[in-house]
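One-letter residues, chain by chain:
Number of protein chains: 2
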Amino acid sequence: MELKFTRNDILSMERFYRVHLINSLSGYKSSHLIGTVSPNGVYNLAIFNSVIHIGANPPMMGVLIRPHTIPRHTYENLKRTGTFTINHVPIDRIKDAHQTSAKYDASVSEFEACGFTPQLISGFDSPFVGEASIKIGLTYAEEHLIAANQTILVVGQIEHLYLPQSALAPSGHVDIDQCGSAAVCGLDTYYEGKQIFRLSYARPNEEIREI
Amino acid sequence: MELKFTRNDILSMERFYRVHLINSLSGYKSSHLIGTVSPNGVYNLAIFNSVIHIGANPPMMGVLIRPHTIPRHTYENLKRTGTFTINHVPIDRIKDAHQTSAKYDASVSEFEACGFTPQLISGFDSPFVGEASIKIGLTYAEEHLIAANQTILVVGQIEHLYLPQSALAPSGHVDIDQCGSAAVCGLDTYYEGKQIFRLSYARPNEEIREI
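In the order they appear, the protein sequences are chains S and E. Under the working numbering, the first sequence has 111 at position 111, and the numbering climbs by one with no breaks. Under the working numbering, the second sequence has 6 at position 6, and the numbering climbs by one with no breaks.
Mixed in with the good hints, there may be bad ones.
Claimed, not checked - Chain S is faced by these chain E residues, among others (derived, beta-carbon under 8 Å):
1) S12
2) L153
3) Y191
What the hints assert, rightly or not - Some chain S residues close to chain E (C-beta under 7 Å, calculated; not the full set):
4) S12
5) G123
6) G186
Said to hold, decoys possible - Below are the DMTMM-like pairs computed for lysine to aspartate or glutamate, each with C-alpha atoms no more than 25 Å apart in a straight line:
7) E:K79 to E:D177
8) S:K4 to E:D177
9) S:K95 to E:D177
It should be emphasised that the hints constitute simulated quantities derived from the structure, not laboratory data. Quick caveat: nothing in here was measured; it's all calculated off a predicted structure. Where a beta carbon is used, it is the ideal one built from N, C-alpha and C, also for glycine.
With the hints as constraints, model all of the structure from the sequences given.
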């Protein structure tokens, strides 16, 4: 049976029910760990389900950050240093990655609390996640405040990219199922992906092919 | 073996290689069909891999649209009517959904060309996709121009939501693997998701549980 909800139905839902429902609607998402460093040199690590592709040329990625009405360590740190890292969550470390969402004090490193290894490179302040198969280092480029709910889209420029050679196809496509990257839907439900097919470039009146 | 690329390495890559590589880095994404209506009453349908969750209260979703340097029917239509629909791509119709990305003339309805059924409701201009298990009707709320590459983040307010009752968990979470929704990575590689587990809310010094 198909259910129908209007905006008013949604607005009158119990808060957490609504959070789970509306967060599910965007469907499958990737789960990423974002690494930053605090003014006191503490390596901060936090899980985000809101990383998006912005563009390939120049290479940019974005992340939507919840309203800055309470301390947001990731946001504050990335603004201060101008750098952050985006790291794919490995399927065999999902629970530890999820644990980084706990409200730790700013003096605690989630790398240490959740068992991840900070990996540093010369000339770049923010730590990468040693356990991640795909690791991306970015510099802060711009941000946009969403008026409707005060969330902030942070856009970063890709400066450093690490990935396993075995997952890189001749076309440039990365087989993320081979990388062991996790998928997520909503706030807390994790998935693994199974490739169905890759499809040819679509043109009017031409049949799509598996390639 | 781990490969390393710097920003300059990426900028000097062949164009399509770079497009595939950088588009893969955000990992698993959901694939959605966006429905709009043209000034001449043609039902437009286009696949997007860039739909994101914006917030639950008020309920909002967004979509990142490529630069408006060539005609972008979806963008032009949604600006004109102030409405658009977001519909999950059913796994058994991925090839038809992918085909909507072909550059059809504005006089052609991709619903018709690709075999989808426009579903209309009273008082809402844009068509839903009859074949989709999850269908969302939105009104235009705001937009943000990304300075770095002229892409546009369009934010919409959820007005109407249709989903199968069987997929709605008591928590409000939607089991999208039960909905038969497709996942995608990059531009053209499609996946199905297999649920691993749902995890408890994380708190410092408390063990994460499967729930």
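Evaluation of the provided hints:
With 8 Å as the threshold, the beta carbon of S12 (chain E) stays out of range of chain S, its nearest partner Cβ sitting at about 11 Å, so the hint is violated. Among the interface hints, the one on L153 (chain E) holds; its C-beta lies about 6 Å from the nearest C-beta in chain S, closer than the 8 Å criterion. Given hint, Y191 (chain E) at the interface with chain S, holds; its Cβ is 4 Å from that chain's nearest Cβ, closer than 8 Å. With a least beta-carbon distance of about 11 Å to chain E, the hint placing S12 (chain S) at the interface is violated under the 7 Å criterion.
Interface restraint check for G123 (chain S): the shortest CB-CB distance to chain E comes to about 11 Å, outside 7 Å, so the restraint is violated. Contact between G186 (chain S) and chain E, as hinted, is supported at the beta carbon level, the nearest pair being about 5 Å apart and thus within 7 Å. Restraint check: the Cα-Cα separation between K79 (chain E) and D177 (chain E) comes to about 32 Å, which exceeds 25 Å; the hinted pair is violated. At most 25 Å may separate the alpha-carbon atoms for a hinted pair to count; K4 (chain S) and D177 (chain E) meet this at roughly 20 Å.
Annotation: proposed proximity of K95 (chain S) to D177 (chain E) holds, straight-line Cα distance about 21 Å (limit 25 Å).
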